[in-house]
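K.L.:
All chains, please: the whole structure from these sequences, using the hints.
Protein chains in written order, with the numbering used here: chain F, 17 to 261; chain E, 3 to 280.
Hint data in this document are derived by calculation from the structure and do not stem from the laboratory.
Glycine included, each C-beta is placed from N, C-alpha and C at the ideal position.
Taking beta-carbon pairs under 8 Å as the criterion, some of the chain E residues facing chain F (in silico):
| id | residue |
| --- | --- |
| 1 | Q180 |
| 2 | S186 |
| 3 | L187 |
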Amino acid sequence: MEDYIIEIENVSKTFAGGVEAVRGFSAKIRRQEVVVIMGPSGSGKSTLLRCINGLETAESGTIIVDGIPLDDDKRHRLEIRKEVGMVFQSFNLFPHLTALENVNLAQRRVRKKDKAVATQRSMELLQMVGIADKAHNYPAQLSGGQQQRVAIARALAMAPKVMLFDEPTSALDPEMINEVLDVMKTLARSGMTMVVVTHEMGFAREVSDWVIFMDEGQIVETGTPERIFEHPQEERTQRFLSQIL
Amino acid sequence: MNTNSASTVATLRKSKPWSFLFRSPGRDIAQFALLIVVGVWLISLSTARLGYYWQWYRLPRYLFRIEAGRLVVGDLIKGLLFTFRISGVSLVLALAVGLATALLRLSDSFMGRVLTRVYLEVIRNTPLLVQIYLLYFVIGPILGLGRFASAVLALSLFEGAYLSEIFRAGIVSLHKGQWEAAYSLGLSRFDTYRDVILPQALRRILPPLTGEVISLIKNTSLVGLVSLSDLALQARVIAADTFLTFEVWFATAAIYLAVTVPLSMIVYAMEKRFRVLT
Numbered sequence: 017m018e019d020y021i022i023e024i025e026n027v028s029k030t031f032a033g034g035v036e037a038v039r040g041f042s043a044k045i046r047r048q049e050v051v052v053i054m055g056p057s058g059s060g061k062s063t064l065l066r067c068i069n070g071l072e073t074a075e076s077g078t079i080i081v082d083g084i085p086l087d088d089d090k091r092h093r094l095e096i097r098k099e100v101g102m103v104f105q106s107f108n109l110f111p112h113l114t115a116l117e118n119v120n121l122a123q124r125r126v127r128k129k130d131k132a133v134a135t136q137r138s139m140e141l142l143q144m145v146g147i148a149d150k151a152h153n154y155p156a157q158l159s160g161g162q163q164q165r166v167a168i169a170r171a172l173a174m175a176p177k178v179m180l181f182d183e184p185t186s187a188l189d190p191e192m193i194n195e196v197l198d199v200m201k202t203l204a205r206s207g208m209t210m211v212v213v214t215h216e217m218g219f220a221r222e223v224s225d226w227v228i229f230m231d232e233g234q235i236v237e238t239g240t241p242e243r244i245f246e247h248p249q250e251e252r253t254q255r256f257l258s259q260i261l
Numbered sequence: 003m004n005t006n007s008a009s010t011v012a013t014l015r016k017s018k019p020w021s022f023l024f025r026s027p028g029r030d031i032a033q034f035a036l037l038i039v040v041g042v043w044l045i046s047l048s049t050a051r052l053g054y055y056w057q058w059y060r061l062p063r064y065l066f067r068i069e070a071g072r073l074v075v076g077d078l079i080k081g082l083l084f085t086f087r088i089s090g091v092s093l094v095l096a097l098a099v100g101l102a103t104a105l106l107r108l109s110d111s112f113m114g115r116v117l118t119r120v121y122l123e124v125i126r127n128t129p130l131l132v133q134i135y136l137l138y139f140v141i142g143p144i145l146g147l148g149r150f151a152s153a154v155l156a157l158s159l160f161e162g163a164y165l166s167e168i169f170r171a172g173i174v175s176l177h178k179g180q181w182e183a184a185y186s187l188g189l190s191r192f193d194t195y196r197d198v199i200l201p202q203a204l205r206r207i208l209p210p211l212t213g214e215v216i217s218l219i220k221n222t223s224l225v226g227l228v229s230l231s232d233l234a235l236q237a238r239v240i241a242a243d244t245f246l247t248f249e250v251w252f253a254t255a256a257i258y259l260a261v262t263v264p265l266s267m268i269v270y271a272m273e274k275r276f277r278v279l280t
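P.N.:
Following this line, the structure appears as structure tokens:
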């Protein structure tokens, strides 16, 4: 039996109004794998990602994260959220808290650490993402790239087993994309399991184990980055790649 | 395009002397002085026509007086102190009711949403005066509430309804991403409200919240209906006893203003200080 950390089985999600965002999606992700999900906008990538930590509720299919089924049991959902970190396209830092307080919050409330212990850990994480000197700044005083790095540190503070990235560089100015990607690459090499929705092919080539290409809520094809980018089998994938290159 | 921007510049230049005059302090002071003069003239005109005989010198003893070498608080100030007390107690309760109602309205509970909706509609569509009477004469005796308690309850339920709408507006005005970020970190609903949502919402609703606090203070003037000796009732009694109608009511209005205006100013200062950077 293989050791999968995320098992997604035949998941579908339809939004009110009848938009089928995800249709019968299945995938299994091993520990320490880095998976990149690509696809045109509206293909259901983000929705799928948000289903994994229960921000969206799939109406059919099963999702199991680290052996915990994501079902109607609220405790299961909370447990999964503690194990799964998420980074958003629009950062979503808490604007009334400093960078340090943003990273501290979940450690204090969820992990019940006391302030000194949490702060020490937070400072290590801020150091790791390269903005320890901005620890006492508020999000509005940071650039987009800095904010996103704080957001990564905030998610890591829970010591998650999986990190989800929802287009983490799409809202950034071009010159800030690399500082965020570099942090993500370091994280990938440290053995973190990552599911990344992104259009950054360079990142996908460099660190991902495999790529899922999605369209209209379904998997079009999967494979190693080399195979997907050099020899895409499906016509839909070829068309998409020719558009973004 | 070119002609357009040229004409805009022309308009700006033309309007400049006017706006300059409008903002000059000299003009403001002149306007204010004019207002005072007109006001005084109107008052003296009306009192002359009514044949009103001003007796301001008789008023101070209802504020403070010296008896046997000691400072004694007059009835108006006693009334003011009572107004402070009932406003304070009602405010705390109204904030609790308002927040609870807002959270219940935003909760997943169907019964909670229905109940709060009914409560809001009933309170907002009946006069406070009727609510005070109903609580005092009907519900008070059933629950064994005294005069003060039933008045406090009436005021808190009334203001709570309006406060809940303000809380709700503040909460729903926050970006969905704030909830999602908090949930994705494993924070419970309670922690999310306490650490993420409410601190931000409170800063946003500070101005309308102040408005409601001031409104609450003014509405306490109705508790005299159930014979609670607040500022307004004391004023009514003194005016009836002494026939100093104008002096007493002018003084009373000034006392209310002396409380509410500084309150607005304090909150304005707080607002500037705690402005959320976004």
